[in-house]
Amino acid sequence: MAQALAVETHGLTKRYSTGVLAVNNLDLRVRAGEVYGFLGPNGAGKTTTLRMLSGLLHPTAGTAIVAGSAPGSPASLARMGAMVETPAFYPYLSGRDNLRVVARYAGVRKSRIEPVLKQVDLTDRARHKFKTYSTGMKQRLGVAAALLKGPDLLILDEPTSGLDPQGTIEMRALIKELKQGGRTVLLSSHLLNEVELTCDRVGVIAKGKLVAEGTVDELRARSGGIALLIRATPLDQARQLLESLLKPEQIRVEDGALVLSVDPTQAASINRRLVADGLDVSELRVSEQSLEDVFLQLTETPKT
Amino acid sequence: MIASFRAENLKTRKRWANWILVGILLAWILLLTYLVLFLVVTLSPRSIQGPVPATLLKRRLFPENFVPTVLGASATIGAAIMLIFGALSTASEFGWLTVQTILIQKPTRAAVLGGKFVTLGVATLLVTAVMFAAAALASYAAVTLDGSSSAWPTWEVMLKAFGALLLELAVWTAFGAFLGIAFRSAAAAIGGGLTYLFVGEALLGGFLRNTAVVKEILKFLPGINGGAINAAFPSTIRDSSATTQLVSAGRGVLTLLVYLVVFTGVSLLIFQRRDVGGS
Chain R
0 MAQALAVETH
10 GLTKRYSTGV
20 LAVNNLDLRV
30 RAGEVYGFLG
40 PNGAGKTTTL
50 RMLSGLLHPT
60 AGTAIVAGSA
70 PGSPASLARM
80 GAMVETPAFY
90 PYLSGRDNLR
100 VVARYAGVRK
110 SRIEPVLKQV
120 DLTDRARHKF
130 KTYSTGMKQR
140 LGVAAALLKG
150 PDLLILDEPT
160 SGLDPQGTIE
170 MRALIKELKQ
180 GGRTVLLSSH
190 LLNEVELTCD
200 RVGVIAKGKL
210 VAEGTVDELR
220 ARSGGIALLI
230 RATPLDQARQ
240 LLESLLKPEQ
250 IRVEDGALVL
260 SVDPTQAASI
270 NRRLVADGLD
280 VSELRVSEQS
290 LEDVFLQLTE
300 TPKT
Chain D
0 MIASFRAENL
10 KTRKRWANWI
20 LVGILLAWIL
30 LLTYLVLFLV
40 VTLSPRSIQG
50 PVPATLLKRR
60 LFPENFVPTV
70 LGASATIGAA
80 IMLIFGALST
90 ASEFGWLTVQ
100 TILIQKPTRA
110 AVLGGKFVTL
120 GVATLLVTAV
130 MFAAAALASY
140 AAVTLDGSSS
150 AWPTWEVMLK
160 AFGALLLELA
170 VWTAFGAFLG
180 IAFRSAAAAI
190 GGGLTYLFVG
200 EALLGGFLRN
210 TAVVKEILKF
220 LPGINGGAIN
230 AAFPSTIRDS
240 SATTQLVSAG
250 RGVLTLLVYL
260 VVFTGVSLLI
270 FQRRDVGGS
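Heads up: the protein sequence lines correspond to chains R and D, in order.
Residue 0 is where the first sequence starts when you use numbering that gives the first Met the number 0, and the numbers rise one by one after that.
Residue 0 is where the second sequence starts when you use numbering that gives the first Met the number 0, and the numbers rise one by one after that.
For reference, chain D alone in the conformation it holds in the complex:
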């Protein structure tokens, strides 16, 4: 598996598409999450309409709230980016037929996929670190520019939040990788994955949340469970419009761990058994 990991590492590093995805993620956090909101609440506070006044809203950008802010980004753009990353990593091998080039080298299929998943795991860890660092840096810049003071969360909270973010992103990466192997097409995997993320889960979780049957189903979905984990790291700004969580954070962690194992295991099962090429 080490040989496979080394090869995957080289491919992943040299692929521009991966760096573009990281760039989009960073741009989203730094520009849209922090800069735009900072400029609006600083330069035009009266334009803010809503239950939270602009002066208070600004505190969302400060260090005291960087954990819920970065976790909030992971639930939307982070999930989408990592899903695309995972899907590209596996589906492209089928699109380019490189899967057959790989499989006629020495490692077993299990070792090949194992190396790929370890690489995806390492990449997810690095992306998590980058997201955390970017958000922390932006928070520091916001509070410094504003001339205010704000306390950083404790190391314990930050470590737990880092673990939570890593777990959530890892699940979406594994989901993308699984879809890539199942569909053997990047377009189908990404299209299907994003449709589920933004239409399926978001619609069910948004509009039909209070339907009894749907509520029971929602308790098992990765996005809902990720949301429950994120809610364990509340913002200092009380938002009356926030929805109540369907599951506890502990159950959320457990459910996401099960998803991680299932996506990895089923991917391996399919990859191990399925013919490569032919009709």
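Just chain R, same shape as in the assembly:
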């Protein structure tokens, strides 16, 4: 039986009045109960997509189903909680009063406020005005507001943005906790380790298009996955030799080392050839591609 989808889009497209094509024919499938990482560089179209899924932006083309209904419809909104781009609240109200306002709009009982404040660890500061909050506290209040409805689907846009390391760790732990109970979390980020540490599956978006989707391991495998790293001198001579043995696209140089996209079982034979040609091999090991490598490859961003 096919797994239920919390979010499904077909050909979702957004072209702004300025002519900018922010999202281009996006087909996205987020399964119910998973933490889905929506990964992409700044300006890739992540926030625009989340705004469309939340009903804040009207798509130029395409369709979407979010939590079983059309985006922005009361039925969809009733089952989803979201924090899009930045936690936005009334600066003159306390954290608690801001949640009271949100609860009233959402038709949620007042008794839900204290548990969510406790869940995001804001009870002690809840009576203070929002404008006095640190970035981390604002982010946590944003998550608390998203949780008020006890939603089946939680959409979080860059939830660790602006947080210090400790705040980032706490937010990650919170996201993992939120997944409990079968809740779906759609998390957008440009931070690779954040996605790697928290998400079950990842969708990579670049220039408004979904360029890859799968688990982190699947993405690694798809883009070369495991590689062979060799440090040999002279480097140019080693490279020439390897180019006579392998296809050019299987070889690249990174940080003074040769990275070969080959089966690791070839390590011994490659080593023998290098040594036989009089080259000094100082390092030879299997290297697992980091998500960063995969990301850069998929989004065609030159590595600095």
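These aren't lab readings, by the way, just hints derived from the structure by calculation.
Only a predicted model underlies this, so the values are computations on that prediction, with no experimental measurement involved.
One or more hints might be untrue.
Heads up, incomplete: computed chain D residues facing chain R, CB under 7 Å, no partners named [what the hints assert, rightly or not]:
#1 ILE1
#2 ARG12
#3 LYS13
#4 TRP95
#5 GLY276
Beta-carbon label-pair distances, calculated as ranges [claimed, not checked]:
#6 LEU20/R to THR210/D: 48 to 54 Å
#7 ARG14/R to ALA26/D: 49 to 55 Å
#8 SER247/D to HIS9/R: 58 to 64 Å
#9 ALA109/D to ALA31/R: 49 to 55 Å
#10 ARG14/R to TRP15/D: 39 to 45 Å
#11 ARG14/R to VAL260/D: 33 to 39 Å
#12 GLY181/R to LEU96/D: 28 to 34 Å
#13 LYS208/R to GLY190/D: 41 to 47 Å
#14 GLN271/D to LEU20/R: 22 to 28 Å
#15 ALA26/D to GLY181/R: 54 to 60 Å
#16 LYS128/R to ALA128/D: 49 to 55 Å
#17 ARG126/R to GLY190/D: 32 to 38 Å
Straight line, CA to CA, 30 Å or less: simulated DSS-like cross-link-like pairs of lysine-lysine [unchecked claim]:
#18 LYS13/D to LYS109/R
#19 LYS105/D to LYS128/R
#20 LYS105/D to LYS137/R
#21 LYS117/R to LYS13/D
#22 LYS159/D to LYS105/D
#23 LYS137/R to LYS175/R
#24 LYS117/R to LYS206/R
#25 LYS130/R to LYS13/D
#26 LYS105/D to LYS175/R
#27 LYS128/R to LYS109/R
#28 LYS117/R to LYS105/D
Yeah, the Cβ is synthetic: ideal placement off N, Cα and C, and Gly gets one too.
On the provided structure of chain R, position chain D as indicated by the hints.
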């Protein structure tokens, strides 16, 4: 819409800026409109230069004239304050980006804005009542301190005047709210609104009033129509410098009702269709 109204109610009550606006309005009526004039005509009647003598001018502060006095205040400071109130209420949501927090809760956009306009309406009703009560109280105090006697207007006149004041203030509130939604910036909405109120309409209505083309345009402007309604509640003091009204009070009421519907309707249309966020 009830959910939205309850949320708006909480936000409006807890916002200090709103109470400051009410305070300015009260201070204007009690201090500038009543107290200063009372002190001047009582303590230094000879300093009054003009067609109306000080003894007669004092009667403007008495109960017999509290209706035209409070309506006169609504045409200037009342309009400005309610325009700012309406503009702050809508434009701030865009400035703070809270509009997106609201719109990702349960209600539809129409319900969200409906709740906001109902809240603005209730607040306008309360401000009208406060203005009326303050003016009545000040009138009572003036006549009591002076030891004179003065008759209150009939209940019918007071009810009609209350309705007129409510309508005028509601139009300026709706105008401010509309500008807030159109500009999505409190500064632009307030700046634009006050410029129109004090420069555009006041200049046209003052200096160019007798130009044929301008006169025709003026007949459709909210301030001019509000003035025509106010003129239906004349002061017992005849002022020879008073300008003649371009439209009747009945037409003024009708025009302001049309403005109220148009500002509300266009605001809803924009709010319903426009994207929130993005570029």
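Hint check results:
1. Against a cut-off of 7 Å between C-beta atoms, the interface hint on ILE1/D is violated, since the closest Cβ of chain R lies about 9 Å away.
2. Using the Cβ-Cβ criterion of 7 Å, the hint placing ARG12/D at the interface with chain R is not satisfied: the shortest such distance is roughly 10 Å.
3. Here the hint on LYS13/D is kept, as its CB sits about 6 Å from the closest CB of chain R, short of 7 Å.
4. Evaluation of the TRP95/D hint against chain R yields a held restraint, the C-beta minimum of about 6 Å falling below 7 Å.
5. Interface hint at GLY276/D: satisfied, since its Cβ lies 5 Å from the closest Cβ of chain R, which is below the 7 Å cut-off.
6. For LEU20/R and THR210/D, the Cβ-Cβ distance of about 51 Å falls inside the hinted range of 48 to 54 Å, so the restraint holds.
7. The given range of 49 to 55 Å is respected by ARG14/R and ALA26/D, whose C-beta atoms sit roughly 52 Å from each other.
8. Our hint of 58 to 64 Å for SER247/D and HIS9/R holds, since their Cβ atoms are close to 59 Å apart.
9. Roughly 30 Å separates the CB atoms of ALA109/D and ALA31/R, a value that falls outside the hinted 49 to 55 Å.
10. A beta carbon spacing of about 42 Å between ARG14/R and TRP15/D agrees with the range 39 to 45 Å that was offered as a hint.
11. Remark: the range hint 33 to 39 Å for ARG14/R to VAL260/D is upheld by a beta-carbon distance near 34 Å.
12. Take GLY181/R and LEU96/D: their Cβ atoms lie about 31 Å apart, and the range 28 to 34 Å holds.
13. Between LYS208/R and GLY190/D the beta carbon distance is about 42 Å. The supplied range of 41 to 47 Å therefore holds.
14. A hinted range of 22 to 28 Å for the beta carbons of GLN271/D and LEU20/R is consistent with their spacing of about 25 Å.
15. In this structure the hint that ALA26/D and GLY181/R lie 54 to 60 Å apart at CB holds, the actual value being about 58 Å.
16. Checked against the given bound of 49 to 55 Å, the beta carbons of LYS128/R and ALA128/D, roughly 30 Å apart, lie outside it.
17. Between ARG126/R and GLY190/D the beta carbon distance is about 35 Å. The supplied range of 32 to 38 Å therefore holds.
18. Proposed proximity of LYS13/D and LYS109/R is supported: the alpha carbons are some 17 Å apart, at most 30 Å.
19. Our distance criterion of 30 Å between C-alpha atoms is met by LYS105/D and LYS128/R, whose separation comes to about 25 Å.
20. With a CA separation close to 22 Å, the supplied pair LYS105/D and LYS137/R stays within the 30 Å bound.
21. A C-alpha spacing of about 24 Å is found between LYS117/R and LYS13/D, which places the hinted pair at or below 30 Å, so the restraint holds.
22. Distance restraint check for LYS159/D and LYS105/D: the Cα-Cα separation of roughly 40 Å exceeds the 30 Å cut-off, and the hinted pair is therefore not satisfied.
23. Proximity of LYS137/R to LYS175/R is assessed by CA-CA distance (about 19 Å); at most 30 Å being required, the pair is judged to hold.
24. Restraint check for LYS117/R and LYS206/R: the C-alpha separation of about 39 Å exceeds 30 Å, so the hint is violated.
25. Of the pairs offered as hints, the one joining LYS130/R and LYS13/D holds, with about 14 Å between alpha carbons and a cut-off of 30 Å not exceeded.
26. Restraint check: the Cα-Cα separation between LYS105/D and LYS175/R comes to about 26 Å, which is no more than 30 Å; the hinted pair holds.
27. At most 30 Å may separate the alpha-carbon atoms for a hinted pair to count; LYS128/R and LYS109/R meet this at roughly 19 Å.
28. A threshold of 30 Å between alpha carbons decides the hint, and for LYS117/R with LYS105/D the separation of about 23 Å falls inside it, so the pair holds.
In terms of the numbered hints stated before, the structure departs from hints 1, 2, 9, 16, 22 and 24, listed from lowest to highest.
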